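S.K.: Protein chains in written order, with the numbering used here: chain A, 1 to 274; chain B, 1001 to 1274.
Calculated directly from the structure, the hints in this document are not laboratory data.
Computed from a prediction, not measured in an experiment: that's the story for all the values here.
Do not rely on the hints blindly, as some may be mistaken.
[What the hints assert, rightly or not] Just so you have them, the derived chain A footprint on chain B, three or more residues with Cβ under 8 Å:
no., segment
1, 1010-1019
2, 1036-1044
3, 1164-1175
The beta carbon of each residue, even a glycine, is placed where N, CA and C say it ideally should be.
Number of protein chains: 2
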Amino acid sequence: MTARRTAFFISDRTGITAEMLGQSLLTQFDPIEFQRITIPFVDSVEDAEAAVEQVNAAVIEDGARPIVFSTLVDDDVRKVIGKMNALVLDLFEMFIIPLEAELGLHSSHTVGKSHSTANFSSYNQRIEAINYTLTHDDGATNRNLEDADIILVGVSRSGKTPTCLYMALQFGIKAANYPLIPEDLQQMKLPPVLLQHRSKLYGLSITPERLQQIRSERRPDSKYAALANCKFEVQAAEAMMHQASIPFLDSTTKSIEEIATTILHTAHLARRIY
Amino acid sequence: MTARRTAFFISDRTGITAEMLGQSLLTQFDPIEFQRITIPFVDSVEDAEAAVEQVNAAVIEDGARPIVFSTLVDDDVRKVIGKMNALVLDLFEMFIIPLEAELGLHSSHTVGKSHSTANFSSYNQRIEAINYTLTHDDGATNRNLEDADIILVGVSRSGKTPTCLYMALQFGIKAANYPLIPEDLQQMKLPPVLLQHRSKLYGLSITPERLQQIRSERRPDSKYAALANCKFEVQAAEAMMHQASIPFLDSTTKSIEEIATTILHTAHLARRIY
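Just chain A, same shape as in the assembly (with noise of 0.2 Å):
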């Protein structure tokens, strides 16, 4: 056992998919410190033997040799890649050859199929979301609310913004978000405007502490970061969220990802791309 490894992810496109996988699978083998390299647009078998020449050189850098996770469509690429001296798992044979038995059916073997700007109506989609989203972000309009597919409620850093980007990015979702200040929060009251659309609410929820520390990265030592003030928000808002019947979850040890699908989950919204 080496305590320094590279793992290389290497892809016919971008190698998106190959990280996501291979970082979820190296995060549980921690005492392990991976270095990370990501090769994409491997789509020739140049492009292949240069890979190659740099998996070799962390062969000797690392005296082990590296962990190799990719997205290899064409066999020719596929077949230089795993000649190396690694321990190359390629996420398209082993998942193909079952497939193509289970229906009967032969893949196309087309590289660059995901992702795809062919479909013209989904690119639409997801472009429209994003725009949505970035023109309803922190309540910056109470105009066209009625379009969203979901509101965000909370009070200021609680992580309505990132949630709102990543799915409109990520999912096509229309997603708006309306911060909850101290003025709704002394008066009890969520402003009308968004009592209209309450079947649209969804709020958000952290700690006291945890909202003490990332508000005093932006603002040290104001009455806005104070722990006081921030239970005391949090409170005011869980309780109003209670009383207007707003489902709500709590953002506190959720990464943006985590908090993006319990929502699309909880409030039965489906993707609208993938």
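On the provided structure of chain A, position chain B as indicated by the hints.
M.R.: Structure of chain B alone, referenced to chain A:
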């Protein structure tokens, strides 16, 4: 062979990895229309049994067994899912065994280690990149441009905003963007504020035909969307970028993922987050 099949993405966490890999594999089997269903957060035997029921219902409806892409770390949960009447491809199982052998180490079998928020500094980098990118969208401000990792330039609707948001969210990259407006294009001069940061500039171009199509969605029958105007803007923008030695790429047939990855790769930027 059936013309219709259901594909399930079942995960103990978000299901995003299973969706991404599954989706890119399914696009290789074009003739079949897949209905896609994601079941996230399956982290108990009870959840697994509920998923089995859902899958069994699809068997009856389709008259063919579904394809299941799963990422399940817990052995008991995986056992329940593995026994379903479906082609179950568990990403975790297929890769973890060769990895354990290669690394001479047992994996931690801990659910939900990817997309972690445990690392506060990496969470902060992501949020900071998103805030920076939102503040520096569409030339909104020239302040702190020196903090940008990259500054995208291009005509209106060439894909700058979605690309910048993607880079911020997924890579933790601070990405500003600056529209080339008709005044810039007529004078054939990049704004002086941009020339100060020439090494960070990266251009997006697009074919005039595609630009016309995209602009017409927003403002049909406008001068803005007219083919002649699109031609002028694109040609002038490309000439300016050539003159100033700014690298640029054609976004026409590329997805947001492909544009973002290509820029990351050719501008030699490193992902800040995984």
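S.K.: Does each hint hold? Answer for all of them.
M.R.: Going through the hints against the structure:
Beta-carbon proximity to chain A at under 8 Å applies to 6 residues in the segment 1010-1019 of chain B; the threshold of 3 is reached and the given coverage holds. Under the rule that three or more residues need a Cβ within less than 8 Å of chain A, the assignment of the segment 1036-1044 of chain B holds, with 4 such residues. Remark: the segment 1164-1175 of chain B is confirmed as covered by chain A, as 4 of its residues place a Cβ nearer than 8 Å to a Cβ of that chain, reaching the required three.
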